[in-house]
Amino acid sequence: LLGDFEKFLEETDRHFDIIVASGVLYHMQNPVEVLDMICRKCDALIIWTHYYDPVLMPEDDPRRGPFSKGSTALEYDGHSYTLFRRSYEHAWQANSYCGGPDDTHYWMLRPEIEALCQRNGFDDIRVEFENAEGINGPSCMFFMRKTA
2 LLGDFEKFLE ETDRHFDIIV ASGVLYHMQN PVEVLDMICR KCDALIIWTH
52 YYDPVLMPED DPRRGPFSKG STALEYDGHS YTLFRRSYEH AWQANSYCGG
102 PDDTHYWMLR PEIEALCQRN GFDDIRVEFE NAEGINGPSC MFFMRKTA
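For the sequence shown, the residue numbers in the working numbering are 2 to 149.
Just so you know, the hints here were simulated from the structure itself, not pulled from any lab data.
For glycine and all other residues, C-beta sits at the position ideal for the given N, C-alpha and C.
Please note that the accuracy of each hint is not assured.
To be verified - Here are the simulated DSS-like pairs of lysine-lysine, each with C-alpha atoms no more than 27 Å apart in a straight line: (1) Lys8 / Lys42; (2) Lys70 / Lys147; (3) Lys8 / Lys147.
Claimed, not checked - If you anchor each label on the Cβ, the simulated ranges turn out as follows: (4) Asp62 / Asp104: 17 to 23 Å; (5) Lys8 / Asp62: 31 to 37 Å; (6) Asp125 / Glu60: 33 to 39 Å; (7) Thr13 / Arg64: 22 to 28 Å; (8) Glu134 / Ser69: 18 to 24 Å; (9) Thr13 / Leu57: 33 to 39 Å; (10) Glu12 / Asp78: 15 to 21 Å; (11) Ile19 / Ala116: 28 to 34 Å; (12) Pro55 / Arg15: 34 to 40 Å.
Kindly generate the complete structure, drawing on both the sequences and the hints.
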């Protein structure tokens, strides 16, 4: 599918032992729906992602520049999520690849990433490679699995 994993996840009936989603979640226009689809298709999951954290990125932090002011509330599958709109600042118009086909994408809060995965049965969640000072924003790698 030439990289259109959203379409693949929507259409496949396959179930995987493990899915690795490295550097994709924070490029999504609806990261909640994408993460939910991923969770439903596997028993173990490795995610490396950026996430939004207002404490780690205070008001005067230059990493907030590409973010719109405020947040967007999303209701999904009976739960509320807070999304933070971020722009590529039209980098997608350049001849180089910048991570997504659209200028706008949304970052999630780290606790909401974990909560969504827990609701999908991931009861063993570990966090590694935490980087609060990353040039584009905080990031970490999750290793998750369903043990039940």
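Requested in this report: Any hints from earlier that this structure breaks? Give me their numbers in increasing order, please.
Outcome: Of the numbered hints given earlier, those the structure breaks are 2, 7, 11, listed in rising order.
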